[in-house]
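**Student:** Listed here are the chains, written in short residue letters.
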Amino acid sequence: MLEHVNLSLVNWARAQFALTAMYHWLFVPLTLGLTFLCAFFETIYVKTGKEEWKALTRFWMKLFGINFAIGVATGIILEFEFGTNWANYSWMVGDIFGAPLAIEGIVAFFLEATFFAVMFFGWNRVSKDFHLFSTWMVAIGSNLSALWILVANGWMQYPTGMVFNPDTARFEMHNFFDVILSPYAISKFTHATTSGFALSSLFVIAVSSWYLARRRHVLMARRSIAVASVFGLLASLLLGLTGDEAAFMDGKHQPMKLAAMEGLWDGANNAPVVALGIVNGMKKPGDFHEPFVYSLKIPGLLSILANRQPGSFVPGINDLVFGNQERGITGAEQKIEMGRRAAKSLAAYKNAKKAGDIQKASAALDEFNKYRNYFGYGFLKAPEDAVPPVSITFYSFHMMVAVGTGMILIFLLYLFTTARGTVEQATWLYPFGVLFFFLAYMAGEAGWVVAEVGRQPWAIQGLLPVSIARTDIAPDNVKLTFFMFLATFTLLLIAEVKIMLKQIQIGPEEVK
Amino acid sequence: MIGSLDQTVLQELWWILASTVGSLFLFLTFVQGGQTLLWQLGRNETEKSLIINSIGRKWELTFTTLVLFGGALFAAFPKFYATSFGGAYWVWMAILFTFIVQAVSFEYRKKPGNILGSLGYEVFLFINGSIGILLIGTAVGTFFTGSNFVLNEYNLVSWTTPFRGLEAAQNIFNISLGLFLVFNSRVLGALYLLNNIDFSDMEAFRQRTRDAVFSNFLAALPFLLVVVVGLLTMKGFNFDPATGQVDMVAFKYLKNLLAMPPVLVLLLAGLALVIFGVISAKFKEQDKGIWFAGLGTVLVGLSVFFTAGFNHTPFYPSRADLQSSLTIYNASSSHYTLTIMTYVAFLIPLVLAYVAYVWSLMDKKRLEAAEVTGIEADENY
Chain P
0 MLEHVNLSLV
10 NWARAQFALT
20 AMYHWLFVPL
30 TLGLTFLCAF
40 FETIYVKTGK
50 EEWKALTRFW
60 MKLFGINFAI
70 GVATGIILEF
80 EFGTNWANYS
90 WMVGDIFGAP
100 LAIEGIVAFF
110 LEATFFAVMF
120 FGWNRVSKDF
130 HLFSTWMVAI
140 GSNLSALWIL
150 VANGWMQYPT
160 GMVFNPDTAR
170 FEMHNFFDVI
180 LSPYAISKFT
190 HATTSGFALS
200 SLFVIAVSSW
210 YLARRRHVLM
220 ARRSIAVASV
230 FGLLASLLLG
240 LTGDEAAFMD
250 GKHQPMKLAA
260 MEGLWDGANN
270 APVVALGIVN
280 GMKKPGDFHE
290 PFVYSLKIPG
300 LLSILANRQP
310 GSFVPGINDL
320 VFGNQERGIT
330 GAEQKIEMGR
340 RAAKSLAAYK
350 NAKKAGDIQK
360 ASAALDEFNK
370 YRNYFGYGFL
380 KAPEDAVPPV
390 SITFYSFHMM
400 VAVGTGMILI
410 FLLYLFTTAR
420 GTVEQATWLY
430 PFGVLFFFLA
440 YMAGEAGWVV
450 AEVGRQPWAI
460 QGLLPVSIAR
470 TDIAPDNVKL
480 TFFMFLATFT
490 LLLIAEVKIM
500 LKQIQIGPEE
510 VK
Chain Y
23 MIGSLDQTVL
33 QELWWILAST
43 VGSLFLFLTF
53 VQGGQTLLWQ
63 LGRNETEKSL
73 IINSIGRKWE
83 LTFTTLVLFG
93 GALFAAFPKF
103 YATSFGGAYW
113 VWMAILFTFI
123 VQAVSFEYRK
133 KPGNILGSLG
143 YEVFLFINGS
153 IGILLIGTAV
163 GTFFTGSNFV
173 LNEYNLVSWT
183 TPFRGLEAAQ
193 NIFNISLGLF
203 LVFNSRVLGA
213 LYLLNNIDFS
223 DMEAFRQRTR
233 DAVFSNFLAA
243 LPFLLVVVVG
253 LLTMKGFNFD
263 PATGQVDMVA
273 FKYLKNLLAM
283 PPVLVLLLAG
293 LALVIFGVIS
303 AKFKEQDKGI
313 WFAGLGTVLV
323 GLSVFFTAGF
333 NHTPFYPSRA
343 DLQSSLTIYN
353 ASSSHYTLTI
363 MTYVAFLIPL
373 VLAYVAYVWS
383 LMDKKRLEAA
393 EVTGIEADEN
403 Y
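Residue numbers (this note's numbering), protein chains in the order written: chain P, 0 to 511; chain Y, 23 to 403.
Zero decoy hints are in this set.
Derived, one-sided and incomplete: chain Y residues facing chain P with beta-carbon distance under 10 Å: (1) Trp81; (2) Leu95; (3) Tyr103; (4) Thr105; (5) Tyr130; (6) Ala367.
Pairs of lysine to any residue residues, derived as SDA-like cross-links and limited to a Cα-Cα distance of at most 20 Å, are as follows: (7) Y/Lys277 with Y/Asp262; (8) Y/Lys132 with P/Ile493; (9) P/Lys352 with Y/Asn352.
Derived by calculation from the structure, the hints in this document are not laboratory data.
Glycine included, every Cβ here is placed at the ideal spot set by N, Cα and C.
Please build the complete structure, drawing on both the sequences and the hints.
**Tutor:** Right under this line is the structure:
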């Protein structure tokens, strides 16, 4: 199976997935939240019957549409990229991974696609109530799409509900509900969608602040801020809670990722959280370099985050690479050894079966079953390969948390000034509103970097490394498509931003 | 309940379901057909706006149906998904590119501040409607003419040409199928516009659209002829159900049609319906032709997919190594996954019902010029 691992190919394939996923995530969060905000605005319109609320709804809807189109454009490629660049992965786990993608199509995409047309073109073609219903359906549909793809992603992070079939050398689903109700999937879904809600609220706040600063569309801007700051505050609080849950999940199921997130090389009781730190890039597993050039630590906090138990032990990267007998941790070193035995016995099983030697086959299968849980580790060359890039993971995680915490304050300030009726005077607040909109984008991307870079080298945690998951193809093909995507998406992004800025400049229609 | 069904029943059921989604997609390519007709039929901005807004309200359904087709194949026939997408890399990448640029084009074409200009997006739409559909047809053609791949003992795919699937475009049968689909989509596009736009005071526009139905139908005929004659006379791939051994058999697909009379009926009825739709539009000045030609396209699509996959036929055959060929029986998911997916598929009628309801609600009144040019035209494409 591992005849030719081509690192250059794997890295180009990873780069391409990262590129397309990160472009996609520029547009999706805004879709997820803005659609709910549009639904809120339109609900107020239908309840009050006031035309200003209709104009306000239509304005935000127009921006939603511009963003939605490019979200769709960048999204289609992701579904098919699993096949084009990760063919081995698709075959080996298609039984489990394909199902949520197909379900996504059936239950979510059609909701979006069907009611989207009503939302934009139905103002004079359907009743007010049906139009409102359609807007809600688009909101629900968009968020359901996120649910299914995040179920699929959650499964890659914490594979459950399946068994390895030695006869077909692939993973097969044996409990669908384990897959969709996996706590990891739920944590992924809630964390990702609430980040979208928060970002969209910041978008509405940033654009509205710009109007307020210019004394244009003041009433509309104030109303938009009022709704967005409430939604944003609730979303950002929930974002914190779900983030805590995500870290707890990492502690339980992806301890290596958690250790990288915090730059924790040697496990400890009462493990600290690094509030501020500069990572020492020279540090490698097992060496004597200091992990940080500078760090400010909060003692004991990581133990609480990871285990919800003060003073508890959190394993570090070195424990996970070399093992820690005292704590009962099997290291990557031993797991690789067992994984190789599993691979060897699987090959022996296949050969014996082909030769018709039932006894030999059954013995080989028994041997395989002993080590099957470590099968994936057998593909790693060295124990150090089990360590993700620590600096990227560390900085991304800390940046995300800092922005996430800061945005709660921003929402509070906007809400407070709105409640006191002084938001029009609080011009000092506007630059922060705009700044945090951009920071929220970076935090969202950083969150995905933590989730995906932090679990390297695995395509499926502990089971299938990326080097095996890829398609067998000459790297030049992947390189070429990488640059094609880079050029196309960048061009479309520039086009989108220009159109968006123009629409913001034009602003909503004023109701006399 | 479903779980007690035999694996082969589920595999066949999922081939029928995937074929249905694929065939519905072929009907919905009236959107792509309309895209390539834009310059030919729209002589001024109002006419162009009417065309874009008429098909623009449906483009996402077509797009979503294509995505679902991919998703359904992934879930139900993962070995096909892995082999074809990973193997025929460039064909699929090229198809996807045409859909990426399509997705923004309706929305951005007329928006102020757009750096590519209306023309840029119209070119994107044309590329999607022509090259995109041509390549999809070519890819479907390989279901009959075969591809160049080998699967190893772990079923991992290697492609035996550096062109990664683009070599399929050298085959006359594949290309003809692609071109037939392009012209058929234009027939459907013109029929759809005839039924959807209010042509009051635009007689010349209406006549042009009506003429386009017939001229594109005539253009499609030679390619249809090549496809039909090719299909009925070519050597085809066959597997022995007992051993799984794949062999080449003379007149295989003709034999399939004769062995499965309902499929032959689907094909003939489908072609008849398409012809009837065209004739009703051209000679009887009827506007409902889209429904006949649309249904006809679905039936022809079903017959093509059924001919490719049933009656001991590998639906994704390999020319490089016959024994690597994929059948619906060796390429499918496990019994458990197919069972779960079948339960989910019970939602499909519900989806079809609300799509049809919203469609009828939105299209009750024809699209008027005032709607796309007036003050209320703000959200329009």
